[in-house]
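Q: Sequence:
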Amino acid sequence: MRSHLLNDTTAEQYRRSVTDGVERVAAKLAATDRPFTGITVDALSPRIDGIDLDRPLHDTTAVLDELEDVYLRDAIYFHHPRYLAHLNCPVVIPAVLGEAVLSAVNSSLDTWDQSAGGTLIERKLIDWTTARIGLGENADGVFTSGGTQSNLQALLLAREEAKTDTLAKLRIFASEVSHFSVKKSAKLLGLGQDAVVSIPVDHDKRMQTVALARELERCAQDGLVPMAVVATAGTTDFGSIDPLPEIAELCEQFGTWMHVDAAYGCGLLASLKHRDRISGIERADSVTVDYHKSFFQPVSSSAVLVRDAATLRHATYHAEYLNPRRMVEERIPNQVDKSLQTTRRFDALKLWMTLRTMGADGIGQLFDEVCDLAREGWKLIAADPRFDVVVQPSLSTLVFRYIPAAVTDPAEIDRANLYARKALFASGDAIVAGTKVGGRHYLKFTLLNPETQASDIAAVLDLIAGHAEQYLGESLDRAS
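All residue numbers for the sequence shown refer to my numbering, where the first residue is 1 and numbers rise by one.
These aren't lab readings, by the way, just hints derived from the structure by calculation. Treat each hint with caution, since some may be false.
Said to hold, decoys possible - Each computed BS3-like pair below joins lysine-lysine, with the alpha-carbon atoms no more than 27 Å apart:
#	residue 1	residue 2
1	K187	K163
2	K184	K436
3	K273	K379
4	K422	K436
5	K273	K124
6	K163	K184
To be verified - Label-pair restraints from in silico Cβ distances:
#	residue 1	residue 2	range
7	E137	V101	26 to 34 Å
8	T32	G255	50 to 58 Å
9	A360	T408	47 to 55 Å
Think of the CB as a built atom: it goes at the ideal place given N, C-alpha and C, for glycine as much as any other residue.
Please build the complete structure, drawing on both the sequences and the hints.
A: Pasting the structure below:
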């Protein structure tokens, strides 16, 4: 079995195996004509259930043949221009190359003696990102597994900086359309169920600062502690961006930690045209960024950034076998001192390879393209009497629903939209997401592929309308 270990004696085998895998994926990408095959759980499960993991195939070629049947053939391909569902981006080639390198070398980014140059590359990228945000010379941060972990760590720091022993008094303020991880983080941090105060949003799905001010005042009057305000720069459902400058003013007034969840909107940091949409982010105490959303990086690639590097001490623990305190005095850079994780992948290499190949302007141009496409798509939907669109896009998300001319029952319209989404997914011709607005079912385009064209949007709208009309016709037949 030593023949499968990657080392100096198996380098040629490694080259052949990886090349074989890459060629198969490349062939699959080149031949993919729709984002999904439409396979069902019931059809795919028996294939995987029938594999005996205690009877290995002993040959990577045979394993790749098997993988074609259980994964590659029916995978959901985000690179296809009619994948319009979730915050999944097509990835850039330099980042995929970085993924191959980091997996083979397998550095662990917790300590210097496991990563060396990897540690310094990650720190350089953190400095680059904090400079793009404008957090100042004392800023710092660390790569994480994703936005949920980044938000959790930011709120952990905010909790500790609030300096109270009575957790029940702590309050977090976030808009009613903020990410679910805010409430999840509050629970994980030992706060009460009522710790997260939901702030209403305006017509554009942006936090109402008048309502925020009112809740902050009420918090002070009730003897409670305003632990943090979570502003969102790119909500998951709408791509809406909260009024960051006004929120920053209120946080300063009430002495409250300001966290900006820019997991989605961080692409604007590289934008050549729309950077002003996140003006005010430079006043945050902490920021979440997901490079694997709007920087076109493979999952996972995320970071939490802070204005004051000293606040990261709240995540620091020392273990004699790993990062004893003497290493701080010796100025040995151990990233585990800043992280909630111990063993951690060198995900920063993917962004490094991307910046060194394409540059920030290259990333920004791609993100600008999808933002511009969203505005074009909004015009298409707004002009189409078959659909109702919720808000003009701030980033690259469109929320809408099919409205049949002859049906007025909201529940029946809900069912028609749900059916259309499921039928579209089952066909594999396109994939769209869904959400609720005002208790009603809506559909969602999340546009993160610069290869998607307005013609794709128009075609998918026609498919949605066709499926909805089919459902309503069958519904009328059943009722008659």
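Q: Against each hint, give a clear statement of whether it holds in the structure.
A: The hints, checked one at a time:
1. Among the hinted pairs, K187 with K163 is consistent with the structure: their alpha-carbon atoms are about 18 Å apart, no more than 27 Å.
2. Straight-line distance between C-alpha atoms of K184 and K436 comes to about 20 Å, which keeps the hinted pair within the 27 Å bound.
3. The straight-line distance between the Cα atoms of K273 and K379 is roughly 20 Å, inside the 27 Å bound, and the hint therefore holds.
4. At most 27 Å may separate the alpha-carbon atoms for a hinted pair to count; K422 and K436 meet this at roughly 15 Å.
5. For the proposed pair K273 and K124, the alpha carbon gap of about 25 Å is at most 27 Å, so the pair holds.
6. The hinted pair formed by K163 and K184 meets the criterion: a straight-line CA distance of about 21 Å does not exceed 27 Å.
7. In this structure, E137 and V101 meet the distance hint of 26 to 34 Å, their C-beta atoms being roughly 32 Å apart.
8. Separated by about 53 Å at the C-beta atoms, T32 and G255 satisfy the suggested range of 50 to 58 Å.
9. Remark: the range hint 47 to 55 Å for A360 to T408 is upheld by a beta-carbon distance near 50 Å.
When each numbered hint is compared with the structure, no violation occurs for any of them.
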